[in-house]
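As they're listed, the protein sequences go chains A and B.
So that you can map any letter, position 37 of the first sequence is 327 in the numbering used here, and since no number is skipped, the others follow by simple counting.
So that you can map any letter, position 54 of the second sequence is 344 in the numbering used here, and since no number is skipped, the others follow by simple counting.
Please note that the accuracy of each hint is not assured.
Because identical chains cannot be distinguished in the list, a pair is counted as satisfied if it fits within a single copy or across any two copies.
To be verified - Calculated cross-link-like contacts (lysine-lysine; reagent style DSS-like; alpha-carbon spacing at most 30 Å):
#	residue 1	residue 2
1	Lys873	Lys898
2	Lys835	Lys873
3	Lys797	Lys770
4	Lys678	Lys805
5	Lys325	Lys770
6	Lys801	Lys843
Don't read these hints as lab results, they were simulated from the structure.
These numbers were taken from a predicted model, which means no experiment stands behind them.
Protein chains: 2
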Amino acid sequence: MSTAELKVALAQMEVIAGQPETNLATIESFVVRAKDAGANLVVFPELCLGGRYLGNRWQNAEFVNYVASFDERVCTLSDGIGIIFGNNVPIPASGIDLPSPEADAYLSDVRFCVDGEWIDPEHDCDCDDDCDCDGDCHCEDGCDCGCGGSPVYHLALEGIDAHIAICIGDLSGSGELVSPTMFDIASDFAGDCDLIVDLAASPWVAHPLAQTLDEEQLDGLEDTALPPIVRVNCIGMQNTDKAVLAFDGNSTIYLNGRASASCRDDFQEDLLIASFDFDEDTVAFMDEGRPRYGNVDEKVLDGIVSALRRFDAQVFPFHPNWVIGLSGGLDSSVTAALMALAFESTDRIVGYNLATRYNSDATKMNAYELAQALGIRLVNGSIEGIVKATNEVVSLYGYPEGATDGLVLENIQARLRGHMLSTFAAIEGGVIMNNGNKVEATLGYATLYGDAVGAISPIGDVTKVRLFNLAHLINARFGKTVIPLNLLPEETADGYNWETMPSAELKDAQKDPMKWFYHDWLIESMVDNPQFSVEAFMQAYLEDKLASSPVAKWIRFYGLDDPNAFVEDLEWVIRQTANSVFKRIQMPPTIMVVRDTRGFEYRENQVKFEQTACYRELRAAILAM
Amino acid sequence: MSTAELKVALAQMEVIAGQPETNLATIESFVVRAKDAGANLVVFPELCLGGRYLGNRWQNAEFVNYVASFDERVCTLSDGIGIIFGNNVPIPASGIDLPSPEADAYLSDVRFCVDGEWIDPEHDCDCDDDCDCDGDCHCEDGCDCGCGGSPVYHLALEGIDAHIAICIGDLSGSGELVSPTMFDIASDFAGDCDLIVDLAASPWVAHPLAQTLDEEQLDGLEDTALPPIVRVNCIGMQNTDKAVLAFDGNSTIYLNGRASASCRDDFQEDLLIASFDFDEDTVAFMDEGRPRYGNVDEKVLDGIVSALRRFDAQVFPFHPNWVIGLSGGLDSSVTAALMALAFESTDRIVGYNLATRYNSDATKMNAYELAQALGIRLVNGSIEGIVKATNEVVSLYGYPEGATDGLVLENIQARLRGHMLSTFAAIEGGVIMNNGNKVEATLGYATLYGDAVGAISPIGDVTKVRLFNLAHLINARFGKTVIPLNLLPEETADGYNWETMPSAELKDAQKDPMKWFYHDWLIESMVDNPQFSVEAFMQAYLEDKLASSPVAKWIRFYGLDDPNAFVEDLEWVIRQTANSVFKRIQMPPTIMVVRDTRGFEYRENQVKFEQTACYRELRAAILAM
């Protein structure tokens with residue numbers, strides 16, 4: 291073949307954290323497929339043997355060095371083909387002192403081998419050796435991409451100059467544009483190499499914070515000598531503390547900054563072959579054109595299902611039953627449907643309707659119909675007896691009649707549901723599925739050790755409004771009504787029609803206190819973007835500039851165009867969010883959908899933050915309107 | 291005064307995170323005291339206005355810039371005195387993208403003002419402006435000390451050249467030696483300045499990972515021109531997620547690397563005055579010589595009490611009652627005593643003995659005597675009725691007689707204790723105190739939503755063996771037997787005598803499965819030092835080199851000199867630790883005593899880690915002994 295022709299295979303593999311033997315087997319199968327396709331180079335993701343999210347195990351030399359020892363076994367696979375892959379570097383005998391779990395990336399490096407031989411990188415490092423950056427140091431880019439330093443290698447390959455880098459940039463939510471970060475670094479090498487290979491291990495979120503280039507900037511690129519970029523990302527599920535992360539793959543080839551061909555972005559493995567002719571300056575793709583998502587919630591649905599399926603397989607390999615409380619409300623109905631989509635069989639799902647006197651026939655019927663539609667076991671009964679027993683024990687301990695009236699009794703009911711689900715799980719040898727949504731978790735509208743129990747929270751990062759969309763998509767996917775329609779509002783010009791509104795059903799005629807749609811938007815804005823400016827929002831309200839805002843309609847609907855009501859509600863949301871940190875600290879792990887955790891759960895503190903001077907001024911001005 | 295004489299006040303203040311107004315008032319009072327003492331320079335800690343552990347609030351420009359705005363108000367206090375203090379820098383309008391919570395330190399900077407005027411630093415920065423290091427860049431040192439980049443300022447001060455730095459090093463546990471990290475950086479400036487001022491916001495742990503210089507190295511320093519180092523640290527309590535951190539202060543002046551005078555290290559505010567005569571090259575201290583701890587457990591006791599008192603005051607300013615389950619066992623007894631030491635009054639402590647048929651008269655009597663000795667309310671009763679009701683609900687849901695026998699019933703009892711404590715707390719308008727110790731938490735010998743409930747865990751980072759020491763110290767401090775002596779083992783030459791051994795009392799004649807002393811050591815080694823080598827431990831066992839080990843005696847006592855028993859037990863500990871990550875993820879926040887969290891909780895993942903090849907070989911070799 292012409293030395294100027296390069297047939298590259300993008301190996302979008304599933305990486306399982308902590309399992310190098312399993313990952314090596316996956317690598318081997320992809321190498322075989324790449325050779326069969328006539329590729330002379332196959333590219334694997336970053337940290338594709340040990341995984342990225344290993345927590346404190348990153349500081350354990352025995353394990354990290356064990357993973358590094360797999361390099362040689364990959365090298366033996368490179369007979370007749372070039373293999374580029376990411377792996378961690380060994381920990382020196384002196385040990386390391388990692389400043390933070392993010393520091394895993396300090397140990398992330400690239401490997402290149404051909405015909406069983408290692409190709410050494412050309413270092414042209416101009417930075418301090420102690421700064422943990424092998425090769426060129428791009429500290430600020432490392433920081434931007436959360437990788438804490440990006441080693442960039444320079445290799446001579448098939449007569450072509452190629453830079454090989456790790457995680458040099460984030461993609462936009464659409465995956466269609468290269469981010470400024472990625473562009474800035476890549477353009478450092480414009481004219482100076484023929485190809486850039488970028489190895490990634492980037493978890494998916496629906497709305498990453500990374501900005502994207504606008505069309506004008508992209509058109510500008512046409513004139514630059516920006517080389518093609520081959521970015522290979524993994525798929526799978528990895529977790530750290532409370533963050534359960536899904537990896538969508540979406541490995542992509544960028545020409546002049548534009549995505550020209552991509553692997554699947556639906557959380558599945560894929561192999562894409564690209565033939566670069568550097569003489570003719572052309573690229574040809576084999577079987578290009580994967581289906582792309584038409585709407586973000588379609589992808590959210592697949593992302594949750596993918597993470598749930600893999601979490602179950604990796605964390606509970608003994609295939610336990612999953613027990614779930616089915617109240618007949620929207621949250622538990624959607625969660626049950628997600629389980630049915632995720633697990634190989636619905637035999638492992640057991641639903642329990644844990645009724646008290648306050649549960650309506652309507653929701654009980656919903657639970658029954660949902661279980662029928664999904665074909666899952668539903669066990670009915672009442673927990674009134676144990677609620678009564680709780681009151682008796684309370685009297686036994688000397689408290690007067692009525693001591694548990696009101697909110698105390700509401701929490702008793704919720705907590706006893708958690709207790710009974712835990713008991714049923716123990717009897718079934720199973721685990722509990724959490725049902726809580728993001729609005730409840732943020733406002734603390736949940737009972738600790740009650741409805742906040744479970745091994746994992748599939749919709750804990752999903753607002754109620756997004757649940758409406760998921761519910762419709764789920765019904766469409768099942769081709770029938772699985773999620774009862776009475777749970778879904780019908781939006782009108784100035785509000786909604788809603789047959790069965792959200793209720794905890796812990797007392798008579800109870801309705802959730804949330805201002806749906808408005809609070810969903812406010813919480814998503816404040817929680818998912820810590821840089822969100824509450825003060826700018828107040829300023830806009832003060833200057834009557836919210837007319838074009840997505841929530842203008844709901845501000846009217848809930849009467850928040852009255853300044854007193856607006857301030858009272860805003861402070862309720864801020865106060866509830868701050869005062870419920872102690873609950874979230876003890877809630878189950880959550881599948882990350884929107885939050886850009888960068889490998890962390892959302893980091894909160896039990897701190898009373900002073901109101902800023904500007905906030906106090908704006909508050910006064912609004913109340914004086 | 292001679293321009294060569296400098297009277298420095300070390301202002302060891304309490305910093306409350308998120309409360310700049312409160313912290314400014316503290317700063318003002320220290321400035322007054324420093325002026326009264328005739329100081330011409332007063333030095334405050336790092337980030338002394340907003341605090342260090344602000345979680346995601348670090349990304350919120352409105353709050354961070356509000357804290358930065360306090361600079362001017364501090365400057366107005368500098369009439370007739372120089373003030374050096376740490377504060378965060380404002381977030382630029384463009385916003386920031388912090389790679390991790392550790393990145394708070396990227397925004398940490400120093401300030402210097404005299405007579406209401408700002409003294410600007412002389413930058414001699416030779417690093418990339420985008421690397422987040424203002425002033426000199428010491429990336430590797432920044433990483434070592436966990437500060438992610440140490441801006442080092444160079445200021446002309448009273449005719450004396452002084453470098454002002456942030457957190458240039460960790461101290462040893464004893465606080466008596468300067469660490470290599472600190473020495474390395476400081477020595478960069480040897481000969482090149484007269485004084486080094488180091489601002490710190492370093493949480494205390496009993497055994498930091500930082501190494502210290504040996505005597506020989508220190509003697510070597512005598513000959514160097516290492517300038518005096520003035521290090522000022524804060525006191526107080528700050529928290530992030532599950533880590534509740536205590537700050538011990540221990541602000542120190544180092545001459546030739548040796549601590550020459552220190553502020554109190556008992557978690558209290560302090561002001562130390564030092565007069566430097568740079569002509570005579572002498573230092574004089576006013577009221578030097580604070581009492582130092584004779585033993586580490588004395589300090590652990592004060593550290594826990596300090597963190598508990600301040601957590602209660604900051605997080606629960608409304609002074610709620612604290613409810614605690616008093617089983618009469620060691621863990622709850624020590625925890626109750628810690629509360630009595632921490633809170634201003636024992637009126638806020640309510641103990642509950644939540645007995646079932648399995649609770650012995652001995653432990654009930656212990657609970658009674660403890661409550662008497664501490665003067666706290668103890669409410670007695672039985673939870674048998676609600677245990678029975680649970681079984682009735684189980685039958686109601688169609689499960690056969692005996693479905694809850696065995697472990698299921700044990701967990702039901704533990705969970706109902708959590709439920710009743712939550713109910714009592716709700717009735718009392720109070721919060722729950724967690725009782726779990728570190729060995730239980732690590733091995734997962736706790737029931738989620740049962741004994742693992744609570745707003746805070748005071749002894750969750752304390753092994754059982756350390757609890758014995760704390761119990762004796764507590765009895766000494768109260769001057770009477772508060773912790774019943776039957777709970778404390780009497781160590782003998784080859785084992786121990788122990789009247790009432792630890793038991794969960796969830797079934798007849800139950801004893802905890804832990805191998806006390808041996809497991810305490812193993813867990814402390816593995817958990818607190820992720821770099822601990824299990825393989826080296828196995829190698830030592832294989833080569834019979836554990837004779838000198840602190841656990842040699844216990845290996846014999848528990849019959850682990852039998853290779854099969856040794857391997858079986860070791861794998862049980864490793865397996866239990868790994869399989870209980872899901873519990874720890876949902877456990878209460880814990881006061882950090884030993885774990886060097888560097889601002890994080892211990893970071894764990896639900897990952898099945900492959901056994902390394904070396905581990906498998908060693909295992910086989912031991913079994914073949």
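Now for the hints, and whether the structure bears them out:
1. Lys873 - Lys898: For Lys873 and Lys898, both the intra-copy (15 Å) and inter-copy (28 Å) Cα distances are at most 30 Å.
2. Lys835 - Lys873: neither (36 Å within a copy, 48 Å between copies)
3. Lys797 - Lys770: Answer is neither; intra-copy 33 Å and inter-copy 50 Å both fail.
4. Lys678 - Lys805: This pair counts as neither: shortest intra-copy Cα distance 33 Å, inter-copy 41 Å.
5. Lys325 - Lys770: Neither: 44 Å inside a chain and 79 Å across chains, both beyond 30 Å.
6. Lys801 - Lys843: within (21 Å within a copy, 63 Å between copies)
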